[in-house]
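The residues making up each chain are set out below.
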Amino acid sequence: MDALLDAVMTAFSLILTMDADLVEIAGLSLNVSLTALLIASLIGLPLGSLLAMARFPGRRVLIIVLNALMGMPPVVIGLLVYILLSRSGPFGVFGLLFSPTAMIIAQVLLVVPIIASLSRQVMEELWREYHEQFRSLGVGPWRTVRALIWDGRFSLLTAELAGFGRAIAEVGAVMIVGGNIDHVTRVMTTAIALEVSKGDLALALGLGLVLILLSLATSLAGYLVKEFGERRYGA
Amino acid sequence: MFCRALTILGGLFLALNAQIAIAAEFITVASTTSTQNSGLFDHILPAFTEKTGIEVRVVAVGTGAAIKLAKNGDADVLFVHHKPSEEQFVAEGYGVERFDVMYNDFIIVGPKADPAGIKGMTDVTAALAQVADQGAAFASRGDDSGTHKKELGLWKEAGVDPTASSGNWYNETGSGMGATLNVAAAKDAYALSDRGTWLSFKNRGTLGIQVAGDTRLFNQYGVILVNPDRHGHVKVAESQAFIDWLRSDEGQALIDGFTINGEKLFNANAQ
Numbered sequence: 001m002d003a004l005l006d007a008v009m010t011a012f013s014l015i016l017t018m019d020a021d022l023v024e025i026a027g028l029s030l031n032v033s034l035t036a037l038l039i040a041s042l043i044g045l046p047l048g049s050l051l052a053m054a055r056f057p058g059r060r061v062l063i064i065v066l067n068a069l070m071g072m073p074p075v076v077i078g079l080l081v082y083i084l085l086s087r088s089g090p091f092g093v094f095g096l097l098f099s100p101t102a103m104i105i106a107q108v109l110l111v112v113p114i115i116a117s118l119s120r121q122v123m124e125e126l127w128r129e130y131h132e133q134f135r136s137l138g139v140g141p142w143r144t145v146r147a148l149i150w151d152g153r154f155s156l157l158t159a160e161l162a163g164f165g166r167a168i169a170e171v172g173a174v175m176i177v178g179g180n181i182d183h184v185t186r187v188m189t190t191a192i193a194l195e196v197s198k199g200d201l202a203l204a205l206g207l208g209l210v211l212i213l214l215s216l217a218t219s220l221a222g223y224l225v226k227e228f229g230e231r232r233y234g235a
Numbered sequence: 236m237f238c239r240a241l242t243i244l245g246g247l248f249l250a251l252n253a254q255i256a257i258a259a260e261f262i263t264v265a266s267t268t269s270t271q272n273s274g275l276f277d278h279i280l281p282a283f284t285e286k287t288g289i290e291v292r293v294v295a296v297g298t299g300a301a302i303k304l305a306k307n308g309d310a311d312v313l314f315v316h317h318k319p320s321e322e323q324f325v326a327e328g329y330g331v332e333r334f335d336v337m338y339n340d341f342i343i344v345g346p347k348a349d350p351a352g353i354k355g356m357t358d359v360t361a362a363l364a365q366v367a368d369q370g371a372a373f374a375s376r377g378d379d380s381g382t383h384k385k386e387l388g389l390w391k392e393a394g395v396d397p398t399a400s401s402g403n404w405y406n407e408t409g410s411g412m413g414a415t416l417n418v419a420a421a422k423d424a425y426a427l428s429d430r431g432t433w434l435s436f437k438n439r440g441t442l443g444i445q446v447a448g449d450t451r452l453f454n455q456y457g458v459i460l461v462n463p464d465r466h467g468h469v470k471v472a473e474s475q476a477f478i479d480w481l482r483s484d485e486g487q488a489l490i491d492g493f494t495i496n497g498e499k500l501f502n503a504n505a506q
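If you read the protein sequences in the order shown, they are chains A and B. According to our numbering, numbering within the first sequence proceeds without interruption in unit steps and concludes at 235. According to our numbering, numbering within the second sequence proceeds without interruption in unit steps and concludes at 506.
Stretches of chain B that chain A covers, calculated by requiring three or more beta carbons in the stretch to come under 8 Å of a beta carbon on chain A:
#	stretch
1	290-303
2	404-416
3	429-437
The following label-pair restraints were derived from C-beta to C-beta distances:
#	chain 1	residue 1	chain 2	residue 2	range
4	B	I444	A	S13	27 to 33 Å
5	A	D19	B	G328	44 to 50 Å
6	A	G95	B	E327	21 to 27 Å
7	B	K286	A	F91	32 to 38 Å
8	A	Y130	B	K303	51 to 57 Å
9	A	L5	B	N504	42 to 48 Å
Hints are computed from structural coordinates only; laboratory data are not their basis. Owing to the predicted nature of the structure, the values given are computational and were not obtained by experimental measurement. For each residue, glycine too, the CB sits at the ideal point set by N, CA and C.
With the hints as constraints, model all of the structure from the sequences given.
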């Protein structure tokens with residue numbers, strides 16, 4: 001119980017004093033994960049739409065593979081990206097290992113399957129509902145995708161939140177490809193892992209509470225957008 | 236509206252990323268969890284960076300993993316603590332030359348109850364043999380780190396094969412020093428630790444130092460420049476400056492001056 005109390009106190013004092021290290025670490029966490037989410041959405045949403053609307057050989061296999069990849073352990077993705085970006089690997093010449101860019105790459109790989117799989121489900125339902133209309137109106141495929149994404153935007157928000165949750169919460173991949181370097185690649189989760197290994201459980205849990213608050217704030221923002229949006233534009 | 240929001244967000248991230256990517260002069264040092272967890276780097280690195288403008292990026296993993304990183308060319312400097320592996324690293328042509336930097340010692344920590352009755356013993360292998368005899372819980376790193384290699388060497392000298400009892404009284408955590416101490420504290424187990432990590436470790440439970448002072452518990456740290464002949468991108472000048480500084484009077488004095496609660500963690504001994 002004491003440890004829990006300590007952790008809560010630590011979390012509050014970190015937040016109230018706007019601890020410089022905490023702000024930097026939390027900022028990098030948000031920056032890396034939101035950038036990864038943005039890129040993953042640019043890949044995942046079109047991919048999900050394609051899977052929902054088009055029929056091509058290998059489509060079912062791709063859907064199953066994407067669903068399976070949603071459960072891919074981050075540490076495996078981390079290892080894969082390490083091998084690719086290592087100086088001894090195929091992309092070693094770019095010197096990207098142990099940089100925020102490497103962390104973004106790893107998180108994009110983690111998030112794309114979630115965005116693609118969940119958006120496929122949303123889009124499939126919309127497509128089933130509207131495709132006769134679109135076809136009879138002679139709307140082109142690109143405009144159809146745009147219209148469907150726009151129509152399903154509030155449901156797609158859930159996919160985005162799930163993707164963001166996966167990115168901000170994972171430690172296995174960013175630890176390997178980022179290296180948890182102070183002031184360079186240290187994010188919330190790797191900082192927590194470090195404090196645990198120092199035996200400073202109160203600080204670790206305090207940081208954990210801050211991370212939970214960050215997630216809550218993001219989720220609340222998503223919820224508000226959805227609520228107000230639906231009220232204004234209709235569900 | 237949606238598209239505009241995306242554009243704004245995108246711009247924001249680009250701006251933020253640009254801020255992160257300010258091209259600073261930096262070197263990457265592959266080092267061990269013991270040096271990072273103890274807080275040594277936080278203590279000494281700012282002085283070096285201020286003097287030379289070179290930022291030192293430390294990736295802290297076990298000695299075995301650090302050596303692999305350096306072999307792959309993913310670090311400019313290797314700063315670890317297992318002399319035989321370090322000498323092999325140089326002999327195989329991965330490193331230029333190995334230099335002593337500092338030392339401290341290993342200790343055996345254990346629960347207050349001391350089920351194996353080893354408290355105060357000065358013969359470390361006899362103590363380990365007694366732990367094995369009693370089947371008292373022991374937490375091992377099990378991660379190919381310098382401390383793990385040291386521990387395996389001591390077991391061998393003690394004439395015990397602990398891995399035969401793995402999962403029984405011998406627990407291989409496969410993780411860092413701090414994580415292993417967390418396990419030892421929770422399971423009331425013995426563990427071999429470097430003194431630096433122990434001194435800065437907070438979650439001790441009833442753990443305390445049981446065995447120390449045996450000359451075989453000596454723990455030497457060495458630094459090696461990764462061979463630029465093998466990895467052309469190694470930042471030789473900056474890395475050499477760092478190695479020279481570590482071995483200089485200024486660097487050595489800073490290492491000697493690092494204490495926690497009045498206890499010195501590392502003794503500088505560069506030649």
